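*Asks:* Heads up: the sequence lines are chains A and L, in that order.
Quick note, the first sequence lines up with residues 544 to 808 if you use this note's numbering.
Quick note, the second sequence lines up with residues 337 to 422 if you use this note's numbering.
What the hints contain is simulated information worked out from the structure, not anything from laboratory work.
There's no promise every hint is true.
[Unchecked claim] Pulled a few chain L residues facing chain A out of the computed Cβ check, cut under 8 Å:
1. 355
2. 356
3. 359
4. 400
5. 403
6. 405
7. 406
8. 416
9. 417
[To be verified] Per the computed footprint, the stretches of chain A lying under chain L, defined by three or more beta-carbons under 8 Å from a beta-carbon of chain L, are:
10. 688–695
11. 731–741
[To be verified] Over 10 Å on every C-beta distance to chain L, these chain A residues come out as not near it, computed from the model:
12. 612
13. 640
14. 754
The structure displayed is predicted, hence computed values, not measured ones.
We put the CB at the ideal spot given by N, CA and C, even for glycine.
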Amino acid sequence: MNRSVSITVTSGKGGVGKSTTVASLGLGLAQLGYRVCLVDTDIGLRKLDLMLGLENRIVYDLVDVIEGVSTIRQSLVRHKEYNDLALLPAAQTRYKEEVSPSQVQAIVDQLRSEFDYILIDSPAGIEGGFRNAIAAADRAILVVNPEIPSVRDSDRVIGLLESANIQRIDLIVNRVQPGMVRDGDMLSVERVQSHLAINLLGVVPEDKRIIRSSNTGEPVILDSKSLAGKAFSNISRRLIGEDVPFMELESSTIITRIKRLFHIA
Amino acid sequence: MAFLNMFSRDKDEPTAMTADDRLSLVLSYQRSDIDEKKIKQFRVRLIELCDDFGYDVVGQVEVIPQSKDRKTIINATIPVKLKEPI
C-alpha cells in the first residue's frame, strides 16, 4: 500500500453503532494484514477502549499528546492479539473544547507514516467534536440506522462533509431487521440509500451478540457465529477494494424456512 | 360509530402515509429550508399567478415538497377553471 488513508466514521445521531463499527473494521483490516490505528475523538465519553478490551492498558491519551505530556508512541495502546492494531484513546476526564481541528490533523499526519489505515471515531453531534473528527479525514463512512431521525441527521452530516471537501462518503446501514422491513415497519436499505444518494459500503443486521461483544471487549467481528460480525468482515474487504457481494441478512434455519413457507415469517 | 369517532376526532392527520413518504417530506423540508409559513406564502402566490393567467382556483391548492436523489421537488396541485368572460 502506497499511501496511508484516514477515514472518519460518523453519523450525526448518537447510539447508531459508530464505535462498534470502528472497532470491528479496525480488527478486520488488521486481520487482512494492514497496520491500523484507531483514533477516539470522543473526548470525555470514550468507548473504543472498552470495545477492544484495552481499558486497563491506557496510560496516556490524545489530549496528553496535544499538551506535550506524552509522545504519540507512548500513548498508543497495542491490541493484545493483533500487534498491527493500535488505539489512540480519548481522554475521559477532559472536554472536547480543549482540542482543536488543527491539533487532531497534526496528530493524524504523524500517524500516517506508521499506519496504512487510520480510523477516526467521531462523537455524536455536529459541534466541535465532529469538526475535530473530520479535520484530517480523506474519506468518511456514515453509519445510519434505518429510521427517520437517524437518516435525517445523516443527511445533514453529508452536507457538512461535502462543505469540508470530503469527496468520498460511504454508507453503512446498521441494525437492519429484515422482518420489520418485510412488514413495512422499517425503512429498507434501498430506500435509505436512495434518499441519501451515497455509495453503499455495507449492511449490518441487528444482532444481540453485539451487546455481548461490547460487554466482553471482543469486537463482534471475532464472533464466528455472528451475522453482524460476518457483515463487518465483508465491509473490511470492500474497504480495501475487494468486490464482495452483499450477504443474505437472515440466517436460514429450518424453522424460519417452514415459517416462510406458510407466510408467517 | 359516532361513539368510536369521539376518540379519534382530535387526532392530527398524519403528514405522510408511509415511513418512506414521511422521510421524503422530512428531508425536503431540511434540505430546502422550507417551513409551513413559506409553503403558505407559496400557495398565495400561486393563486395570484393563476389569476394573472386567467384561471380561477376552484379547490384546495396543495404544495408538497418531495425529496429525490438529494434534490427537492416542489409539487403543486392547483385545481382551476378558465375565468368566465365578464
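*Asks:* For the region 731–741 of chain A, count the residues whose Cβ lies under 8 Å from any Cβ of chain L; is that count three or more?
*Replies:* This one holds; 5 residues, not fewer than the three required, reach chain L with a Cβ under 8 Å.
*Asks:* Beyond 10 Å on every Cβ pair: is that true for residue 640(A) relative to chain L?
*Replies:* 27 Å, holds
*Asks:* If we take the beta carbon of residue 754(A), is the closest beta carbon in chain L still more than 10 Å away?
*Replies:* Correct as stated: the minimum Cβ-Cβ distance to chain L is 26 Å, above 10 Å.
*Asks:* Please verify that hint: residue 417(L), Cβ, nearest Cβ of chain A, below 8 Å or not.
*Replies:* For residue 417(L), the interface hint is violated, since the closest Cβ of chain A sits about 37 Å away, which is over 8 Å.
*Asks:* Taking a Cβ-Cβ distance under 8 Å as contact, does the region 688–695 of chain A have three or more residues in contact with chain L?
*Replies:* That given contact holds, which follows from 3 residues of the region 688–695 of chain A lying within Cβ reach (below 8 Å) of chain L.
*Asks:* Answer holds if the nearest beta-carbon of chain A is closer than 8 Å to that of residue 356(L); otherwise answer violated.
*Replies:* Holds. Min distance 5 Å.
*Asks:* Under the criterion of a CB-CB separation shorter than 8 Å, is residue 406(L) in contact with chain A as hinted?
*Replies:* At about 5 Å, which falls below the 8 Å cut-off, the nearest Cβ of chain A leaves the hint on residue 406(L) intact, so it holds.
*Asks:* Decide, holds or violated, for the assertion that all CB atoms of chain L are farther than 10 Å from the CB of residue 612(A).
*Replies:* 42 Å, holds
*Asks:* Given a cut of 8 Å on the nearest C-beta pair, is the interface hint for residue 355(L) held or broken against chain A?
*Replies:* 5 Å, holds
*Asks:* Interface hint check: residue 405(L), Cβ to nearest Cβ on chain A, cutoff 8 Å. Holds or violated?
*Replies:* 5 Å, holds
*Asks:* Once the shortest beta carbon distance from residue 416(L) to chain A is found, is it less than 8 Å?
*Replies:* 32 Å, violated
*Asks:* Would you check whether residue 359(L) satisfies its interface hint, that is, whether its CB is within less than 8 Å of any CB in chain A?
*Replies:* Check passed: Cβ of residue 359(L) comes within 5 Å of chain A, closer than 8 Å.
When held up to the earlier numbered hints, the structure conflicts with 4, 8, 9 and fits the remainder.
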